[in-house]
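Now for the letters of each chain:
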Amino acid sequence: MKISARNVFDGNVEAIKPGAINSEVDVLLPGGLRIVATVTNDSVSELGLVAGKAVKALVKASSVLVLADGAGVRLSARNRLEGSVSALIEGPVSTEVAITLANGLNVYATITREGAAALGLKVGVAAAAVFKAPSVIIGVSS
Amino acid sequence: MKISARNVFDGNVEAIKPGAINSEVDVLLPGGLRIVATVTNDSVSELGLVAGKAVKALVKASSVLVLADGAGVRLSARNRLEGSVSALIEGPVSTEVAITLANGLNVYATITREGAAALGLKVGVAAAAVFKAPSVIIGVSS
Amino acid sequence: MKISARNVFDGNVEAIKPGAINSEVDVLLPGGLRIVATVTNDSVSELGLVAGKAVKALVKASSVLVLADGAGVRLSARNRLEGSVSALIEGPVSTEVAITLANGLNVYATITREGAAALGLKVGVAAAAVFKAPSVIIGVSS
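Protein chains in written order, with full-length UniProt numbering: chain A, 1 to 142; chain B, 1 to 142; chain C, 1 to 142.
Isolated chain A (complex conformation) (with noise of 0.2 Å):
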């Protein structure tokens, strides 16, 4: 699978969490991380989603915000991976963030220009990647 998401993370489902149309997967990164995605109840079906099983989940740099100085600050999004950035790509409208986690993984982030510049992003700076379990798409190879 060649697939354009900049964010592709290899993981086990932890556990699966049925709702009437849509059901809430985690999946267990390694180092201990964690990574919540909403897919509808068919694609667990057909994908044959068990606890257990092999999945990559996949991300889009766009769907990633960055946040910084987030002490206190609670979010809706289910998704909130610490660590701290460690390269920055400047166009002239949209800046690509990395993120480096505790497990060495790299989360990736396309936020504008002038949102990078407020934030006052640098490399080394302490920041989270977040992002909504709707955004993250499970994939796997059969």
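A few of these clues could be false.
A pair holds if it fits inside one copy or across any two, identical chains being indistinguishable in the list.
No farther apart than 27 Å at their CA atoms in a straight line, the calculated lysine-lysine pairs in the DSS-like style are these [what the hints assert, rightly or not]: (1) K17 <-> K122; (2) K17 <-> K53; (3) K53 <-> K2; (4) K56 <-> K122; (5) K122 <-> K2; (6) K56 <-> K2; (7) K122 <-> K53.
Calculated from the structure, these hints are not laboratory results.
Given chain A's structure and the hints, the job is docking chains B and C onto it.
Below, chains B and C without anything else, positioned relative to chain A:
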């Protein structure tokens, strides 16, 4: 809180309409504008959302569409904020559009350069910022 | 209607599957392709959606992923339109990819430049445009 979402609206919870899994949260902004957010019921309780509570409604610029000549057009997106184009920043692939609303606030949208060209956007033109309720993240500082 | 969504598909409602809060709307495009949208039940009634009705399905380029070498890959995203790469526009951070489908329509995806490089995308290569049903906005002109 410093966050990369280009659109951060300070407001107060006006109403919460609970569903089986998600709730719809109406956020009232200064000047009488409203933003509708869909968040999980878990988030409603974890963030302590109740009518009147001060919150921030966060929307990534990449989640916002720009609508021109919208008379008679109805869209499934719940948020549609009318205003006029106040700034354009053009890159080779993306264009950032600022729309100033009646209450003086700006909403920012990142769209493709070709999409902006097709719309014939110029400063001063009437336009609406359109985004879906699930694209909104609610934040609180505790 | 002029809207910045890079992807605007004219079609007709084929079927509506109502849930407790949201409905799944299948839109049939010329050439037999289908797009699946998730919208609120409120939107279904406000837009007067019924089988056969002419609608526009709007998808932002930033919501679209590009999948190459997808044989045997299953994804939780409901929309997967197969075609071949017909154009690439590269910026310093973002790349716009055009994928031409079997029915002659183009789908546009904005992905990161590094993501495009990792995929080895070139004009003529087989690729699929992938997007989630909640990323689709339905529009009608009254």
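A quick look at each hint next to the structure:
1. K17 <-> K122: The answer is neither: 38 Å in one copy and 40 Å across copies each exceed 27 Å.
2. K17 <-> K53: within (15 Å within a copy, 30 Å between copies)
3. K53 <-> K2: within (20 Å within a copy, 37 Å between copies)
4. K56 <-> K122: between (30 Å within a copy, 25 Å between copies)
5. K122 <-> K2: For K122 and K2, the Cα distance is within 27 Å only across copies (14 Å; inside one copy 30 Å).
6. K56 <-> K2: For K56 and K2, the Cα distance is within 27 Å only inside one copy (12 Å; across copies 30 Å).
7. K122 <-> K53: neither (38 Å within a copy, 33 Å between copies)
In the structure shown, a violation is registered for the earlier hints numbered 1, 7, in ascending order.
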